[in-house]
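Protein chains in written order, with this note's numbering: chain W, 114 to 427; chain R, 244 to 952; chain Z, 1466 to 1690.
Derived from the structure by calculation, the hints contain no laboratory data.
Wrong hints could be hidden among the right ones.
Claimed, not checked - Calculated from the model, a selection of chain R residues having no Cβ within reach of chain W, i.e. all distances over 12 Å:
id, residue
1, Ser267
2, Asp295
3, Val379
4, His641
5, Thr650
6, Gly779
7, Thr838
8, Thr864
9, Phe941
Said to hold, decoys possible - Some but not every residue of chain R turned toward chain W, in silico, with C-beta under 10 Å:
id, residue
10, Leu666
11, Ser674
12, Leu675
13, Ala722
14, Cys723
15, Phe732
16, Gly734
17, Met839
Unchecked claim - List time: in silico BS3-like cross-link candidates among lysine-lysine, alpha-carbon distance up to 30 Å:
id, chain 1, residue 1, chain 2, residue 2
18, R, Lys894, R, Lys883
19, W, Lys396, Z, Lys1566
20, W, Lys141, W, Lys161
21, W, Lys141, W, Lys165
22, R, Lys837, W, Lys161
23, W, Lys165, R, Lys894
24, W, Lys141, W, Lys396
Using N, Cα and C, we set each Cβ at its ideal position, and we do this for glycine too.
The primary structure of each chain is shown beneath.
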Amino acid sequence: MTWLLAIFQTLLFVALAPLLAGWLKWCKCHLQNRQAPSLLQPYRDLLKLTRKQPVVAEHASWIFTRAPYIIFSAIVLAASIVPLIAVDLPTAAIADVIVLVGFFAFARFFLALAGLDIGTAFGGMGSSREMTISSIAEPAMLMAIFTLTMTASTTNLSFAIIHVLNEGLVLRPSFVFALFALMLVAIAETGRIPVDNPDTHLELTMIHEAMILEYSGRHLALIEWASQVKLMLYGVLIANIFFPWGIAQSFSVQALAHGLLAIIGKLAVLAILLSISETLLAKMRLFRVQEYLSFAYLLGLLGMLSHIILEASR
Amino acid sequence: MMTMILAYNAVLLSFASGLLALMSNQCAMLLTLSQRFLTVDAHFPRCRKLLDRILEESRYASLHRQAVFVLLGLSGVFAVLAGLSVMMGQDNLTDQIGLGLPWLPWHVRFDGLSGFFFLIIGIGVIAVSLYGPAYVAFYQESQHPFAVLGLFTGLFVGGMYLVLLADDAFFFMIAWELMSVASYFLVAFQHEHSANRRAAFIYLVMAQVGALAIILSFGVLASFSDGLTFDALRQTTVSTTWASIAFVLALFGFGMKAGIVPVHVWLPEAHPAAPSHISALMSGVMLKVAVYGLIRFCFDLLGELQWQWGVVLLVLGTVSAVGGILYAMMQPNLKRLLAYSSIENIGIIFMVLGLAMIFMANGHPQLAALGFLAALFHAFNHSLFKNLLFLGAGILQHQTHDLNIDTMGGLIQRMPQTSFLFLVGCMSISSLPLFNGFVSEWLAFQTALQVDVLDNGVLRSLIPVSAAALALTAALAAACFVKVFGMIFLGLPRSRNSEKAQEVKDKSMLYGPALLAGLCFFFGIFPNIIINLLNGVAKQLLGQSLPNDAALSWLWLAPVSANKVSYSPPMVLVGVLIAGGISFWYLRRNLETKTMRRASAWDCGFGGLTPRMQYSCSAFTMPFRRIFARVWLIDECIDKEMQGAMDMDVKAVHYHLQVQDHSWPRLYQPITHGVNQLAKRVGRIQTGNIRVYLGYSFVTLILMLWVIS
Amino acid sequence: MNIEQQDFYTQAILSMAALIGLASFLMLGQGRLLRLIFVFALQGLLLTMTAALSAYSLNNHHLYISAGLTLVLKVMFIPWMLRRQVLAMHMNRDVEALENKTLVMLGGASLMVFSYYVLHPIVQSSSTIMVNALAVSLSVVLLGMLLMISHRQAVAHVVGFMSIENGLFFAAIVATNGMPMVVELGIAFDVLVAAVLFGIFFFHIRTSIDSLDVDRLNRLNEVDQ
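The shape of chain W in the complex, shown without the other chains:
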């Protein structure tokens, strides 16, 4: 029974991701005084892409044509282990947050290989930049995770959320630092401004777009959807770990509906914050991203140090 619920939660996760992307675009358009497309436009875009025949370069190999499926499966699997509306589901015990990072690495590996497959300079550039940014984001993310797990003493997401819920409202300096570090890392990993511009196709500024330049049709639909799910994943991680109130701890219909409303509300607020920062900030030069991520690492390090020094000293 709970397995059915877990599968339902995963499908809900994957289905809601384009809605989040649509809402983000709506907020940005309104902040920038433009006319916004409807909230359901990303769904229409994905449907349109799936109906078109993909055009593939002549010398593309099976890695190029099969990578979208691999990337999408890895991200969907990652979505199944992050608690969206309920904790204590069996899928949450399959993997913990380190395996989640491993799933992202899996998807990124194949995306980078797909970028290198055609042999254009754009693909190589995108792969090179993407691997650079992800390598220096990894220590920052791990520091933030460490800070969390030193408090919750587990890396399993479900148990961590339950631990935070049971403690009530505690103002911890380590959580404040970990929250900011995770937000900075999330912006870098999902390729938003100020690290990467998701709307651009200029050579100087592309990172994610450069790797998927050659894709079309259903392949492009899968990759776009996967990146939308990834953005929602990071949002749900931040929302549910640091502000878990509202998530369902039992499986009654009322609790689940309450959890769904809570997560929709939290994601909406996070999307508004993201759109404000995207409007106010400009994209950084590529080699400034290193300083940005070092700052995230420093925040994670300070969070861990303040846990050791201030919170749980012996």
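Given chain W, put chains R and Z in place with the hints provided.
What follows is chains R and Z alone, placed relative to chain W:
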């Protein structure tokens, strides 16, 4: 007892394969011998015919090669069986061989730890012997005699087995030297290139210095005990200072053989110089024997572990891991890159061993068992995927006649099976889920995350920093191997050799890598098999097993406790297959859009795509070069040739990049300079004058008389 | 002695302590002078709020006066003076390019661990959890000195010196519930006088060697090369 027989068989078979290799060119002699021998006895006409067929000139060479490698492979099989049986039986077998000195026979011990490393060596040897016959056929007999290669391979493998079996310091050192010297001859096999000779020389010097340090460390322990056997060394109680001195010496000696920064410089020189299957054995197996030596010394022979030693191991391991992978990224030569990547993985193993030591010394033996298990599992995994990558590099070298990544490209269409196996190796070494590299990294992180049980605040701050460094090396390794696979196999061919490359004709060269790739995937999905075995090893050696060993089932991996954290590789595989399968089937159900249309690459509409426009090795790693600039000695220059009126048009741009290891000018050149100066000074006593030499004898005689009186 | 078991005010004070430490790190990494002064003012503001919270939760009224003094001096007056000075000497366009920024930051982190290690026996023997923040205050002092060592511009030296005093003030609030009023006033006036004197000296240095780069003062020695 059966187990000991299996172990001895493994050793004997490897020596036998070496001896058989000496018969490589003796076809004519064997023919005359057989004729003379068998004319006497006329009862075996069929035997006669068989011998005639075998000893036929044309077929003798290939049959002989196969026979040598069959013997070597059998020794590997016996080693695997011996290792498995001793680990499952949890035995601790001892024996004595009558060889050695009359009053000091060789003691043999075969326990779980030796058994595990027997398993590692055995699997590596099996893969290499499947790969060997076809690979070695490429060497020309006149320049590179097979007798030398086969003999020293057999001695090398036999030496490694004997190191694992040795139970006293004397036998250990003899086996260690046998291993080192045999591998020196293998490294110097292609000695017509001066670079190979230099590499072999550096390797020999460093191996001997390391062996000297190991002898000294055994000596420190033996001076406080009443014998050289490991049992006697175990019983001695040594003061903390002397134990620390012994530890430092052992770390220096075993670390030099394992390849820890800064004593790693022989690795990137020696591994490219040796033949590929030997590089696979050296990198995948011999480095693990050095790790075995360190584990045996620290966890078994030294009594009390100090947490400071653990911190030293942790720091050295972290520096090696990060430094190793950063240097690997800058190498255009595939084998040098793989050698530096071995340094990185050995660094990770040392890091986790350091964590285990810290936990042990601070009174958390179960967590120490977890760390110990993670380190050994990573050693096993590394031997699997590093062997695979080196064997693949050998195939690439033969098909494209070059090892420079910058000249390859587009080989995935020309060599599909090799590319698939190489991809499995790249995915395992980048620690991606579903493969074995990830499980050992996950266990390492779980060990590091238990840091909260320690009381020491400084340790609690240091260990997360090194865990973050571990995450950094994992991400850098993924970046490096994306580059390797992408540059070699994907894109367009960058040179004529790559354009004309083909898949290996002799498919037997693919069996060895296929076996290793299958094992990588299998142990990625079902790691509990090895973890259960390692649990027994940890119990034998440390006296403790995992905190939650009752719950090690085939489905879940929950090392600390089921309520804390768990990971289920089979369910992850099922999930991936379901998600991928559904999306694949659903999106392709429309017949019109099912087939893809092939056209030229989009390239943003620029057109005119040539292979020169692709990213090269140094281009891909340019951001890393900028960010981590201080780690290397970089010499980069861009020359523009100008032409035209007033030299304003660019005719050509020349780019030159040279990346060097810091340890050469900072550490090794001053040492060599100092040694040369010292040697010059000492050389002054040889004046060449006969009266001075007579004077030396005279002074010695007077001294002796005085001492006697 | 865990944070979950404390009341809200203690949690808030510990969070402020962490943010004050973060402000010290931010000052270490700043190259531009105006932003450095702004972060310094921010640190002063956090200090004021900590003192006020502490006064409220411990019912210690003279900490309110300390808070007010800090607000006037450290948040308003000294930053305003320094800012005026920087703009008058047109130094706001100079960017201090720190060569080894990563090393300096990591050095700062290890100083924090070191100050925790040094104060560990004292903290262990005390029963109140607020004493944990002593390690943070000692690290603020040490980070202020590191700021003085790593930056070349003389105005950064002033800011470093002031942040040392910030750290001492914070230690006083946390450990002993504020300093005696006389000591407090004396230190505050010392700091004020020091700031004024710094201003005068900087003006003279600037007019004589035409820059406020402290490394240029090496030229003043008369050793034959």
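Satisfaction of hint between lysine 883(R) and lysine 894(R), Cα-Cα up to 30 Å: Given that 30 Å is the threshold and the Cα spacing comes to 7 Å, the pair holds.
Closest CB-CB distance from threonine 650(R) to chain W, is it above 12 Å? holds, 14 Å
Does threonine 838(R) clear chain W by more than 12 Å, comparing its Cβ with all Cβ atoms of that chain? violated, 8 Å
Quick check for students: does the CB of threonine 864(R) sit more than 12 Å from each CB in chain W? violated, 8 Å
Going by Cβ atoms only, is cysteine 723(R) closer than 10 Å to chain W? Constraint on cysteine 723(R) satisfied, holds at 9 Å.
Check whether the Cα positions of lysine 141(W) and lysine 161(W) lie no farther apart than 30 Å. Holds. Lysine 141(W) to lysine 161(W) sits at ~23 Å (cutoff 30 Å).
With a cut-off of 10 Å, does the beta carbon of serine 674(R) approach a beta carbon of chain W closely enough for the hint to hold? holds, 7 Å
Would the hint on leucine 675(R) be counted as holding, given a Cβ-Cβ threshold of 10 Å to chain W? Because about 5 Å separates leucine 675(R) from the closest Cβ in chain W, which is inside the 10 Å limit, the hint holds.
Need the status of pair lysine 141(W), lysine 165(W): alpha-carbon distance at most 30 Å? holds, 29 Å
12 Å Cβ clearance of aspartate 295(R) from chain W: holds, 49 Å
Restraint check, 10 Å cut-off on beta carbons, for alanine 722(R) near chain W: holds, 4 Å
Given the hinted pair lysine 837(R) and lysine 161(W), is their Cα-Cα distance within 30 Å? holds, 15 Å
Of the hints listed earlier, those the structure fails to meet are numbers 7, 8 and 23, in rising order.
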